[in-house]
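Kindly produce the complete structure, drawing on both the sequences and the hints.
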Amino acid sequence: MRNIFLFIRRYIHLLTFLLLQGICIYLISRYSKFHNAAILTAANRVTGSVFKEFDRVEYYFRLKKTNDSLVKANEDLLNRLKQNFILPDTSEVTRIDSIKVDSLQKFRSITYLSAKVVSSSIAAQNNFLVINGPNVKKMSIGMGVADINFAVTGIITDISGDYAVVMSLLHKDSRISASLKKSGEAGTLLWDGKQPNIITLKNIPKGTPVSKGDTVISSGLSTTFPRGLLVGRINEIFEETGTSNLNIKVKTAANFYNLEYVYVIDNIQTTPVNQLLEKAKKHL
Amino acid sequence: MTGIAKYIVRFILLIFVQVFVLDRIHLHQMVTPYVYFLFIIWLPFKMPRMALMLVAFFVGLAMDSFRHHPGFHAAACVLIAYVKPFLANLLSPQQGKDFTYEEPSVKSFGTFTAYFTFITMLSLLHNAWLFLLEAWQFGNIWYFIVKTVLSTAISILLILITELIFTRKQKFKTNTV
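Residue numbers (our numbering), protein chains in the order written: chain A, 61 to 344; chain B, 8 to 184.
The set of hints was computed from the structure by calculation and includes no laboratory data.
Even glycine gets a Cβ: it sits at the ideal position worked out from N, Cα and C.
Among the hints, a few may not be true.
What the hints assert, rightly or not - Label pairs and their in silico Cβ distance ranges:
(1) Leu75(A) x Thr120(B): 30 to 36 Å
(2) Lys13(B) x Lys272(A): 53 to 59 Å
(3) Ser304(A) x Asn147(B): 50 to 56 Å
(4) Leu123(A) x Leu20(B): 51 to 57 Å
(5) Phe173(B) x Ile85(A): 32 to 38 Å
(6) Lys339(A) x Val90(B): 51 to 57 Å
(7) Phe23(B) x Gly221(A): 38 to 44 Å
(8) Thr120(B) x Arg62(A): 56 to 62 Å
(9) Phe173(B) x Lys241(A): 30 to 36 Å
(10) Gly221(A) x Phe173(B): 52 to 58 Å
(11) Ile19(B) x Leu123(A): 35 to 41 Å
(12) Lys176(B) x Val131(A): 24 to 30 Å
(13) Asn127(A) x Trp143(B): 25 to 31 Å
(14) Leu130(A) x Phe173(B): 39 to 45 Å
In structure tokens, the structure reads:
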């Protein structure tokens, strides 16, 4: 017994060091399991408000860029307006229209919620955005996030108060389903941790017709992102050795260097679909 | 400013510079400029090692909370806090048992070379451990080595610039009254 105490007393510094390192490594490895823990949520709230105050100053320096991108987004939306299209002359044919005219609200499945980005990182191996705004109260964990031009940006991982933390595409745990626009093959997007703005599309079988510059869109196979949101364009194509899949490098459409506003995708179908999935898992 | 107030101001300034200035500079994907750990390097020689490690742990956690993933910086900070007293003992000229100056600086180490070695070793350890933990899941050894070396060079440059801009006045301590 005495020897144990002597040992502890002698190596107390080394033991403290190892203990603290152990805590750190535990935090790193188990983070995804308990990132809702109260202390971390409180820390997020503090850092969120600091980021917000700082962003208020910095925002002025980027007004011009933000304005340009808003004009571009507006132009895109205006071009989709119904009044810009010539309707076919239907006066000669009488047909009973079974679709209700003002039914848009009833059949709406997706709502876009805008939010302001108050902090974003690209330099780390695990990158996050912090978003802020009145709409945050309507958001929930797991919702998809698109940038101002409706390009896939990330997924919400944590919410506290008026702030939400978004895991961007540039994160080692980020797994988003995407497909090729031309052929429709679906694969998984992940990041290899090297270049920001270049991500990898995996699980596309060899023999699929792909070429440099092809568009990659969200597949719509999960409820997080609807089908057809732009992900990026193909930058390079490699053949994986040992598997029958291609390894495709995609240049992201979202520019992570200057994100100012984002849209969070609120899909009404998420809850029923997830409930069904849970039920199916139980039966197995 | 004396005592603990000096360290609190220093801590806030360094963390803010790191988060709001250096983290926003994107030189290259291989280079991440880090300078906040200068706070730990500048902690006094006489601080008990236990306290040193605990302070470093909380500095690291503060840094981590801005990155939303706890553990990485805390681990690196605890490592340099653990190694710092050994290095200080090796490199600084001692008179008897007491250090002649309160904090590490060019003056307290006697020569520039000794202080430079001290900074280089601690920056290298901090960056290496941090990038190793970060790169664990990616597992590319060359990427890790190049990133560590380049980032350490930038860290040393930043520390030397900080050293030139903010001159710290330190009293020479002697045993003779």
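Hints and how they fare:
1. Leu75(A) x Thr120(B): 30 to 36 Å: Hint holds: Cβ distance 34 Å, inside 30 to 36 Å.
2. Lys13(B) x Lys272(A): 53 to 59 Å: 57 Å, holds
3. Ser304(A) x Asn147(B): 50 to 56 Å: 24 Å, violated
4. Leu123(A) x Leu20(B): 51 to 57 Å: 28 Å Cβ-Cβ, so the 51 to 57 Å window is violated.
5. Phe173(B) x Ile85(A): 32 to 38 Å: 34 Å, holds
6. Lys339(A) x Val90(B): 51 to 57 Å: Between Lys339(A) and Val90(B), where Cβ atoms are some 55 Å apart, the hint holds.
7. Phe23(B) x Gly221(A): 38 to 44 Å: At 22 Å between Cβs, range violated.
8. Thr120(B) x Arg62(A): 56 to 62 Å: Since the Cβ atoms of Thr120(B) and Arg62(A) sit about 46 Å apart, the hinted range of 56 to 62 Å is violated.
9. Phe173(B) x Lys241(A): 30 to 36 Å: 55 Å, violated
10. Gly221(A) x Phe173(B): 52 to 58 Å: Since Gly221(A) and Phe173(B) have Cβ atoms about 36 Å apart, the given range 52 to 58 Å is violated.
11. Ile19(B) x Leu123(A): 35 to 41 Å: With a Cβ separation near 29 Å, Ile19(B) and Leu123(A) fall outside 35 to 41 Å, so the hint is violated.
12. Lys176(B) x Val131(A): 24 to 30 Å: Since Lys176(B) and Val131(A) have Cβ atoms about 55 Å apart, the given range 24 to 30 Å is violated.
13. Asn127(A) x Trp143(B): 25 to 31 Å: 42 Å, violated
14. Leu130(A) x Phe173(B): 39 to 45 Å: Check passed, 42 Å falls within 39 to 45 Å.
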